[in-house]
Amino acid sequence: MLAVNHVTKKYGTFTALEDITIEFTGGVYGLLSPNGSGKTTLIKMLATLLFPTSGEILWEGMEIAKLGERYREVIGYLPQNFGYYKHQSPRQFLHYLAALKGIDRSAASRKVPELLQLVSLGDVMDTKMRKFSGGMIQRVGIAQAMLNDPKILILDEPTAGLDPKERVRFRNLISELSKDRIVILSTHIVSDIETIANRVIMLKDRKLFCNDSPANICHTLSGKVYETWEIESVAQPHFPLTQRQEDGRTLVRFVCETGCPEAARPVTPNLEDVFLYVYRDQVM
Amino acid sequence: MKWIEPSPEEKERAIAHILVRGLTRPKSLWRHLHELYRSLGFRHLFLNTALPVIASVALMIGFIALFPLPYDEYRHAVLFAAAPVFFIFVVLLTDMAERMSGLFELKMTCKYTIRQIAAFRVLCFSLMGTVLCTLSNLFIRFYDMNSFFRALSLSLCALFLFSFLGISVMRYFNSRWMHWAPVWLWMAVGPLPIWLFKKQWESFLSQAPVAITALIAAVALALFLRELQKLITIPQREVASYVGG
Numbered sequence: 004m005l006a007v008n009h010v011t012k013k014y015g016t017f018t019a020l021e022d023i024t025i026e027f028t029g030g031v032y033g034l035l036s037p038n039g040s041g042k043t044t045l046i047k048m049l050a051t052l053l054f055p056t057s058g059e060i061l062w063e064g065m066e067i068a069k070l071g072e073r074y075r076e077v078i079g080y081l082p083q084n085f086g087y088y089k090h091q092s093p094r095q096f097l098h099y100l101a102a103l104k105g106i107d108r109s110a111a112s113r114k115v116p117e118l119l120q121l122v123s124l125g126d127v128m129d130t131k132m133r134k135f136s137g138g139m140i141q142r143v144g145i146a147q148a149m150l151n152d153p154k155i156l157i158l159d160e161p162t163a164g165l166d167p168k169e170r171v172r173f174r175n176l177i178s179e180l181s182k183d184r185i186v187i188l189s190t191h192i193v194s195d196i197e198t199i200a201n202r203v204i205m206l207k208d209r210k211l212f213c214n215d216s217p218a219n220i221c222h223t224l225s226g227k228v229y230e231t232w233e234i235e236s237v238a239q240p241h242f243p244l245t246q247r248q249e250d251g252r253t254l255v256r257f258v259c260e261t262g263c264p265e266a267a268r269p270v271t272p273n274l275e276d277v278f279l280y281v282y283r284d285q286v287m
Numbered sequence: 222m223k224w225i226e227p228s229p230e231e232k233e234r235a236i237a238h239i240l241v242r243g244l245t246r247p248k249s250l251w252r253h254l255h256e257l258y259r260s261l262g263f264r265h266l267f268l269n270t271a272l273p274v275i276a277s278v279a280l281m282i283g284f285i286a287l288f289p290l291p292y293d294e295y296r297h298a299v300l301f302a303a304a305p306v307f308f309i310f311v312v313l314l315t316d317m318a319e320r321m322s323g324l325f326e327l328k329m330t331c332k333y334t335i336r337q338i339a340a341f342r343v344l345c346f347s348l349m350g351t352v353l354c355t356l357s358n359l360f361i362r363f364y365d366m367n368s369f370f371r372a373l374s375l376s377l378c379a380l381f382l383f384s385f386l387g388i389s390v391m392r393y394f395n396s397r398w399m400h401w402a403p404v405w406l407w408m409a410v411g412p413l414p415i416w417l418f419k420k421q422w423e424s425f426l427s428q429a430p431v432a433i434t435a436l437i438a439a440v441a442l443a444l445f446l447r448e449l450q451k452l453i454t455i456p457q458r459e460v461a462s463y464v465g466g
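Chains as they are written, first to last, in my numbering: chain A, 4 to 287; chain B, 222 to 466.
Hints listed in this document are in silico derivations from the structure and should not be mistaken for laboratory results. Positions of the beta carbon are idealized from the N, C-alpha and C atoms, including for glycine. Some hints here could point you the wrong way.
Unchecked claim - Covered by chain A, according to a simulated footprint, are these stretches of chain B (three or more residues, beta-carbon under 8 angstroms): (1) 287-298; (2) 341-348; (3) 353-360; (4) 398-409.
Said to hold, decoys possible - Straight-line alpha carbon distances no greater than 25 angstroms define the calculated SDA-like cross-link-like pairs of lysine to any residue that follow: (5) A:K89 / B:S322; (6) B:K332 / A:R184; (7) A:K134 / B:L272; (8) A:K89 / B:Q450; (9) A:K227 / A:E169; (10) A:K131 / B:A271; (11) A:K69 / B:Q450; (12) B:K332 / A:A110; (13) A:K89 / B:N269; (14) A:K13 / B:E326; (15) A:K168 / A:N201; (16) A:K134 / B:S322; (17) A:K168 / A:K207; (18) A:K69 / B:E326; (19) A:K89 / B:R392; (20) A:K69 / A:D152; (21) A:K131 / B:R264; (22) A:K69 / B:R264; (23) A:K154 / B:K332; (24) B:K420 / B:S357; (25) A:K89 / B:G323; (26) B:K248 / A:G105; (27) B:K332 / A:H222; (28) A:K207 / A:T43; (29) A:K182 / A:T28.
Stated by the list, open to error - Quick partial rundown of chain B residues pointing at chain A, CB under 10 angstroms, derived from the structure: (30) F325; (31) I335; (32) I338; (33) Q450.
So here's chain A without its partners, still in its complex pose (with noise of 0.2 angstroms):
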């Protein structure tokens, strides 16, 4: 189990996250706010980047700092800008982080061109990355954190920059190598953990907000979201979620917390409605 025990990190004055505790058993979990929140933050912590300034993180019990390359040797990290070498394939660039990670270069002959299929990139594997789309790098570096077999699976905003395609195919990625292990997969965007994560962590005003399951998030707004197409006529206190254009008109989805206005009719909360509406008063 890792364990994140009343977690505080500042950078001089400046507190970027606040008292967090998590547990982090088996299975998805999707760490979910807008951007500047502190997920980064979060994330580099659990990925030994950064220390937190007070709390502890534990990994069986026992402080990741600490453990140095024990700890190490158990995670499998994807950064938010991850760098690659051009002139390298898939296959040599993977060999490389392999010999980085303490893998024997027989194994890591094995397990690269295994990886290297599993992740669609099996025909590609010695040509250059320097013709790879953002999808294909990004395919590159899902490969590179799954090397080691990762009891823990670090990935931060794995999405960004990828086409809708791409973004089914990663998600389907990601929960095929869920089993059996923890993965931490921090976005913004809510549709990249909505059917994916076991439990959606959101963080809010530098702290905990919330970490249960989808459904239960949703059921914070049950019975208080609502669709119409006579925006104008709704009289009580309001908060507009999306709007969508049908026939020249515009159906708008709402939260009212104040009972049902005649004009609307109640739908099913999604995760999307309880992120616009718990971070309303933020810029996204």
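With chain A held as given, fit chain B onto it using these hints.
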């Protein structure tokens, strides 16, 4: 069931056995470096370093070749100033290349971190620096062996002092611009005294006893290796640095 009490000797043996199994001796610098070499090999340890090495050798040769004052009159001052040029710039440029590759963070999360690889490289670069110093001394004709050894010990003295200072800066300071400190320091201790004191500086260096300069070089080398050991085994360091931020 009847229990047989162990004798005091058996207890002692059991404790010793547990301690042998349980206590792991901290790895020495050489063991660390050997392990790195065995796991990574030279190709991976020096990946993406060809350009910095070539540029730094060129800078050192360029400094000696383009020295504006009469070379014969300033040979000790020139050798003293030129000795750390390769080391200082190769460390700086490999660090910059590492950062520009965008793999710095990822490499810090691997079993062998970029800081450990940097330590290995730094040691190799200091050895290359020693070879370059020796070659530059051989290139210059000295009247006798004593003059040659004086100049060589001066060069090594400058090289190891800067190696030690450079690696101390890496270890102690976290600031973004701190890894430029050895460059400024070199300018202050290398070329600046030549410009300020001219012949007096050359005279001071040329009369320095070989025993003293050799002793300083040996002490600086020992301090450098000690710092290297510390750099490779720092338990907790944020990503902002292995050489500044």
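- Could you check the structure against the hints above and give me the numbers of any it violates, in ascending order? Hints 1, 2, 3, 4, 8, 9, 17, 19, 22, 27 and 33 contradicted; others consistent.
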